[in-house]
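Student: From first to last, the protein sequence lines stand for chains A and B. Per my numbering, the first sequence starts with residue 16, numbered consecutively. Per my numbering, the second sequence starts with residue 205, numbered consecutively.
Where hints are given, some of them may not hold.
[What the hints assert, rightly or not] List time: in silico BS3-like cross-link candidates among lysine-lysine, alpha-carbon distance up to 25 Å: (1) LYS213(A) to LYS70(A); (2) LYS28(A) to LYS309(B); (3) LYS196(A) to LYS335(B); (4) LYS213(A) to LYS198(A); (5) LYS35(A) to LYS21(A); (6) LYS137(A) to LYS153(A); (7) LYS30(A) to LYS137(A); (8) LYS266(B) to LYS35(A); (9) LYS266(B) to LYS21(A); (10) LYS335(B) to LYS28(A); (11) LYS309(B) to LYS30(A).
I should point out that these hints are in silico values taken from the structure, not numbers from a laboratory.
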Amino acid sequence: MFIYEKKLQYPVKIKNTNPKLASVIISQYGGPDGELGASLRYLSQRYAMPYPELKGLLTDIGTEELGHLEMIGAIVHQLTRSLTDDQIRTAGFDTYFVDRTTGVYPTAASGFPYSAASMAVKGDVIADLSEDMAAEQKARVTYDNILRLSDDPDVNDVIRFLREREVVHFQRFGEAMRLAKDKLDQKNVYYINPAFDKP
Amino acid sequence: MYSDNGTTPRGCPDANGLMPSCAPLAVPYVPFQQEGSQKYDQTEALANGTLFPGLNLPFHVKVKGGDLPRTASAELQALQFVIVELGLYLDTHQDDQEAFALFQKYAALAEEGKRRYEAMYGPLTQMAAAKDAAYQWLNDPWPWEYDQKGAGK
Numbered sequence: 016m017f018i019y020e021k022k023l024q025y026p027v028k029i030k031n032t033n034p035k036l037a038s039v040i041i042s043q044y045g046g047p048d049g050e051l052g053a054s055l056r057y058l059s060q061r062y063a064m065p066y067p068e069l070k071g072l073l074t075d076i077g078t079e080e081l082g083h084l085e086m087i088g089a090i091v092h093q094l095t096r097s098l099t100d101d102q103i104r105t106a107g108f109d110t111y112f113v114d115r116t117t118g119v120y121p122t123a124a125s126g127f128p129y130s131a132a133s134m135a136v137k138g139d140v141i142a143d144l145s146e147d148m149a150a151e152q153k154a155r156v157t158y159d160n161i162l163r164l165s166d167d168p169d170v171n172d173v174i175r176f177l178r179e180r181e182v183v184h185f186q187r188f189g190e191a192m193r194l195a196k197d198k199l200d201q202k203n204v205y206y207i208n209p210a211f212d213k214p
Numbered sequence: 205m206y207s208d209n210g211t212t213p214r215g216c217p218d219a220n221g222l223m224p225s226c227a228p229l230a231v232p233y234v235p236f237q238q239e240g241s242q243k244y245d246q247t248e249a250l251a252n253g254t255l256f257p258g259l260n261l262p263f264h265v266k267v268k269g270g271d272l273p274r275t276a277s278a279e280l281q282a283l284q285f286v287i288v289e290l291g292l293y294l295d296t297h298q299d300d301q302e303a304f305a306l307f308q309k310y311a312a313l314a315e316e317g318k319r320r321y322e323a324m325y326g327p328l329t330q331m332a333a334a335k336d337a338a339y340q341w342l343n344d345p346w347p348w349e350y351d352q353k354g355a356g357k
């Protein structure tokens, strides 16, 4: 089960509102490489995993991603608090505002609502871990792109942190792949799918 | 800048890891992080987003940052961050005794930090709310709220 802790993983204190920036950052809330998809991917993949270190790692990273989802929600919320009438007309934010006011909704920056089609659960150890490594890289690039688009130091400080977590998670999934392969047929790691076949 | 907590002699520089010799074809490889890697202290770890200098690989745009407030909240965040980071490391390095000892040390520090924080600012979990004379779980601010007043928190 999950128990809520009333704090963020990393401080989010955005002094200046900026609805246009919020309309870009929302993509890491509900976009194709966002934190919601990351968390759901890992927490869903773990059921088929045959090895304890994979069950553990997917549980622990999937849980951390939920904390990141909360941080992105906090950034979007703080960037859109107490908006003026002029600010809600900001190009790029007005289309979000008309549907959601200043509620935080899981959507891509493009306006496409969160879709589980952006992630995969294949039920195969090597396929799922390969997906996870790619997912961490795609999230890392999205944070790179946010850093290119944002001039707000309060926001960038948090984005830097989240981006570095993707790098660390990539390393751990890569190591998990090695641990899994060590348990497979060394002459042919594709001989069976250990998440389904009995060795 | 950081202390080397490593006790295990390492074969490669800190930002490099171990690869299998004669690795089989057609499978992806990430070098294994070596035991005894250098580590930041908890404040620098939180500021950089990783405990390990060898894994700290920032983007070229807006590299600067990580000026964390010296507050009870940031102190607890730093301690708990090291536990998360070491936890993931231990998931793939479960036999690293030195890392496990550090994990235990930080877990004890974080317990203490949590007690200090809750005494000052109220319960971190709903269950912890039972320890107070009145129900304080609902008190503002919630973590996502911008709280200039509580900037010292």
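Student: Please go over all the hints and tell whether each is borne out by the structure.
Tutor: Verification of the hints:
no.: 1; hint: LYS213(A) to LYS70(A); result: holds (18 Å)
no.: 2; hint: LYS28(A) to LYS309(B); result: violated (30 Å)
no.: 3; hint: LYS196(A) to LYS335(B); result: violated (48 Å)
no.: 4; hint: LYS213(A) to LYS198(A); result: holds (13 Å)
no.: 5; hint: LYS35(A) to LYS21(A); result: violated (28 Å)
no.: 6; hint: LYS137(A) to LYS153(A); result: holds (18 Å)
no.: 7; hint: LYS30(A) to LYS137(A); result: violated (43 Å)
no.: 8; hint: LYS266(B) to LYS35(A); result: holds (19 Å)
no.: 9; hint: LYS266(B) to LYS21(A); result: violated (30 Å)
no.: 10; hint: LYS335(B) to LYS28(A); result: violated (29 Å)
no.: 11; hint: LYS309(B) to LYS30(A); result: violated (36 Å)
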